[in-house]
Amino acid sequence: MSESPASATPPPVTPPSNGGPPSVAARMAFYQRAGGIVTPIMTALLAFLVGGVVVAASGHNPLTTYREIFNGTGLNWFFQVGSHDIGLPFSDARVWFPWNVNDAQSEAAFNLQQTLLVATPLVFTGLAVAFAFRCGMFNIGGQGQYIVGAMVSVWVGSSWVGMNHGLHIVLAVVLAAFAGALWAGIAGFLKATVGAHEVITTIMLNWIAYWIGNYAFGQGGPLQNDFNESVPVSNDIAEGAKLPVFWGDALLQGLHVGFFVAIAALVVYWLTLNRTTLGYEVRAVGFNPEAARYGGISVRRSYFLAMAIAGGFAAIGGALDILGWQFRLGVIDIQSSQIGFIGIAVALLGRNTAVGVGLSALLFGALLNGTSTRNLDPEVFQPELAGNLTLMIQALVLLFVGADVLILIFWQRLRRLRPGRSAAREAPS
Amino acid sequence: MEAAPALELRGITKQFPGVLANDHVDFDIVPGEVHALLGENGAGKSTLMNIVYGLYKADEGEILLKGKPVTFTSSKDAIRSGIGMVHQHFMLIPVMTVAENIVLAEEPVHEGVLLDYDAAARRVQELADSFNFHIDPNARIEDIGVGQQQRVEILKALYRKADILILDEPTAVLTPQEAAELAGILRTLKQEGMAIVFISHKLNEVLDIADRVTVLRRGKRIDTLPTAGATRESLARLMVGREVLLRVEKTPSKPAEPLLKVDDVSVLDDRGLPAVQNVSFEVRAGEIVGIAGVDGNGQTELIDAVTGLRKLDSGRVAVGDEDVSGGGARQVIDAGLGHIPEDRHRRGLVLDFTLAENLALHDYREPPDSRFGWLFPRRLIARARKLLEQFDVRGGTPLTRASALSGGNQQKVVVAREIERDPRVLLAAQPTRGLDVGAIEFVHRRLIEERDQGRAILLVSLELDEILSLSDRILVMYEGRIVGEYGPDVTDEQLGIAMTGGAEHQAA
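Here the protein sequences line up with chains S and Z, keeping their order. So the number in the numbering used here is just where the residue sits in the first sequence, counting from 1, plus 9. So the number in the numbering used here is just where the residue sits in the second sequence, counting from 1, plus 1.
To be clear, the hints were calculated from the coordinates, so they are not data collected in a lab. The beta-carbon is built from N, C-alpha and C at its ideal position, and this holds for glycine as well. One or more hints might be untrue.
Covered stretches of chain S (in silico footprint by chain Z; criterion: 3 or more residues with CB under 8 Å from a CB of chain Z, positions within the stretch not fixed) [unchecked claim]:
#	stretch
1	278-287
2	297-304
The calculated SDA-like cross-link candidates involving lysine to any residue, where the alpha carbons are at most 25 Å apart (straight line), are [said to hold, decoys possible]:
#	chain 1	residue 1	chain 2	residue 2
3	Z	K312	S	H206
4	Z	K312	S	V308
5	Z	K162	Z	L116
6	Z	K312	S	E299
7	Z	K312	S	S307
8	Z	K387	S	T286
Generate the whole structure from the sequences, applying the supplied hints.
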C-alpha cells in the first residue's frame, strides 16, 4: 500500500509516503505542522522542566527561582489589573485601559519595558531565520546581518548631525536594512550561482562582519569616536536620530517605538509570505524546488531574494537597538552580542510563523531580562548562575525543537491511552 | 483444487487507523498453482501479502501453512517456513555479485568465518541450472538488467528453499520480452510444485499467467475464480465495481499543422554523457504521438529538454512558431506547452501546498490571480473549486493539501492545471503511472478529447498498452535515438523488438 486513501478529513498524521522516502527536512516540516501549537508549548515546558531539575540539583528551590525570574521579566505587570484612564496620543481624549500605563516607573513596568526592549530585536533576528527557512534555507547569519545593520545605523546616526529628526531615523533604518540585505544576499547569490551551502557562507559572513566591526570601531579604526582614542567605541548618534520613547523614562532606557516596528514587521512577514507572488514563490521553492522550477519559478532568484529579505530583517533589528537605546556601538558590544544567534532559537520555537516568532521572541526576551543580574535576588538564586540557566533553557529548547518528532510521538502515545479519540489520526506507513 | 492448500488465510483483518486495509479476507493456494491477487491501488493486496510475509501482524484471522496455524513475528519466521517474497523494489546490493547476493545471510564458509566464494558461485550455478535460469553468478548486480535482477531475487528465495513465492507487481519494471520470460520462469516453477502468489493490477498478465485469481476491492475479497473463462472486462468490473471502458474509443486522427518541432536535438544527462542524440520529430495539431522505449533510454532527458528544464546540447525546439530552444521553463509554458510530468510528487505538485495553490503554479503571477505582485487567495480558491468540480477530483477541497489526495486524484489536479491553460501542445509523460483502472480511463479519455480539440499531444510512456491504445504515430527510443516510427496498427512484438535495439531502422 503505497498510497493513503482519499478522505475529506484532514490529512492523517503520516509523512507523505508516496514516491520514495521524504527528506529529513520534509519529515520534520510535516511533523511540525502536524503538531500544531502543541509541540512548541510542550517543547518550552519540557525545557523549563529540565531547567528546574538542574536548579533543584544545585540546591535551590526551582519554584521560587522561577517565580523570581518571572517577576524579573515584568510580566507580573499584567497581573496588576485595575481601572485606569490613559491619554490617547495626539488628542486630549482619555480612555479606559486595564493596566496602569501611566505608572511607568513601578518596578514591574520598568522590567516589562526592558523585556520588550530585548524582545524587539529578537523578533527581527527571528524573522531573518524564519524567512530564509520558508525558502528552504537555514540562515545562520542573523548575527552578522544584525551587526551590519547596527554598524550602518550608528554611522548614519552619528553623521549629518543637523538633519531633520524623522528623516534621519528613516534614513538610518533604511540604509541599515539595505546593507543587511546586500550582506545576506551574498550568501543567497553564492547558493544560486555556484551552489555554495548557505550554512557555510552565512557563518563565514558572520565572522567577516565581526572582524570588520572590531576594526572599524577599534583603536585607530575609521569609525572610532573623536573624543577618546583609547576607547574602542563609536561616536554617539545625534539626538535627532534617537527613536522616541513611548513608555517609561527616556533617560532610563524606556521602551522605544521600535517595538511597534517589530509588530509591523511580523505583519509584513505574514503578508509577504501569504499575499504576494514573491511569498508564493518563496514557499514553493522552500517546499519543493523542483516543482517550483517546473512551474516556471526562478529558483535562483528566489534564493537570492529570500536571503536578502532575511538579511534586511536582521539588520533592522540591529538598527533599532542602536537608535532606540544603545546610541553607540563599541567593540565590546559586537563581541558580546548574541541577539542574532538567539534568533535561530526564536524562529525554531516559533515554527517560522509570524505569531510564533512574536511569542517566542517575547519568551526569550523575558528569559534574558528575568535572569539578568539586575533583576534576580542573589538570596534566591545566584544571578551568575541564572544567566547560565537562560543559556541552558535556550539550548534545551533548541535540542527539543530538533527532537520534537519525539515529543510528538510521546504526545500521541498519551492521547492513544485515552479511549475514543485515538485511532483515526494515524495511517499505515 | 483437491490438493491440500500450501497456504490458507482465514478471515484476515488488518485495521490501519482510519482505513480497513483487509476486511475478513480468505485466500488459499495449492502447490503447483499460480494464484493472482488482483485489485486497484490501495485495495489491500500488498498489505495481505505483507501479513503473510511477517511484516505486518493481522488484527484478526489465521494463517495456515500446510494445514497448521502459524504466527509470524518477522519476515525471518516466514522465510524459515518456506515463504519467499520478491518486492517491487529489489533488495539487492548493487556492488556485490549475483552469487554473493543470493547466499547473503546463509553463506557457505570456510575456516569458520571466511566466505567460500567458489562454493557460493557453484551452488548458485547449480540452482540456476536446475530451474533452467540463464544467469551469470559472477556478474555484479549493477551491471545486469532489471529482468536479470528480478531473477536474482527469485533465486534468492529458491536458495532459501521457499516453496511459496510471493511476487509483488513483478512486471511493473519489465519490458514485454522480459515479462514473457518471467511468465516462462513461473511456468517452470509451477511444474516443480511451487505455489506462486502473483500481485498485480494488470488484467492481461493475470489472465495470461495465473490459474486462479482473487479480486480485492477496498480491503474486501470480492471473488475468487479460475482465470479460464474470465475476461478482461469481467475482471475489471470486479475490480472497480462498475463497467469500465478498457479500449479507448477514438476516431482516426486528422493531423493539421505541426505545433511542436524538435529538430536535431541532443541532450546530456546529469553526468554529462550524451543521453539524447540527434532526435528530430514533429507533433501536429490533432494527433497523439507516442514515444515508446524501455526506461532510461533518454526519454526523461528528452522531456526535460523540450520543456525547458534542461539545457539543449545542440538542436532546436519550437512550440508553434516560437523557437524556445535555450529558453527556460517559463518561456516554454508561455509559448503554449502544457506538461504533465512523469513524477507528480517530485515535480508536478508541491505536496505541502493546498490544491488551490497547486492549481495556480503557472498562473499565480498573472491577473486575475495576482496584480502588481499582490496575490488574491480567494480568486485562487474560487478557480480551484470550479476545476475540482470540472475534473471530478475527489477527496479534497481547494484548501486541502495536495499530499492528502490519492494518486489518481493528484494526477487529475495536474491534468486539470495543464489543460486549463489551453495549451497548444500537451506533453504527457507517464500520465497514468501508479493510477488504478478508473483513473487511467479518465486520463486516457481526456487525452483523446484534447486531441480532438486540436491540440498536439506528445505521449511518453513505458506502458506499451498505453502507447498502443492512444497513439496515432509511435516513435521508439533506444539509447538516446529514435530507432523507428510506426503506425497505430503495429504489434507489441514489433515494438518490443525495436525497444531493445533489435530493429533496423524502418519507417512506417
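Status of each hint after checking the structure:
no.	hint	result
1	278-287	holds (count 5)
2	297-304	holds (count 7)
3	Z/K312 x S/H206	holds, 24 Å
4	Z/K312 x S/V308	holds, 16 Å
5	Z/K162 x Z/L116	holds, 20 Å
6	Z/K312 x S/E299	holds, 15 Å
7	Z/K312 x S/S307	holds, 15 Å
8	Z/K387 x S/T286	holds, 22 Å
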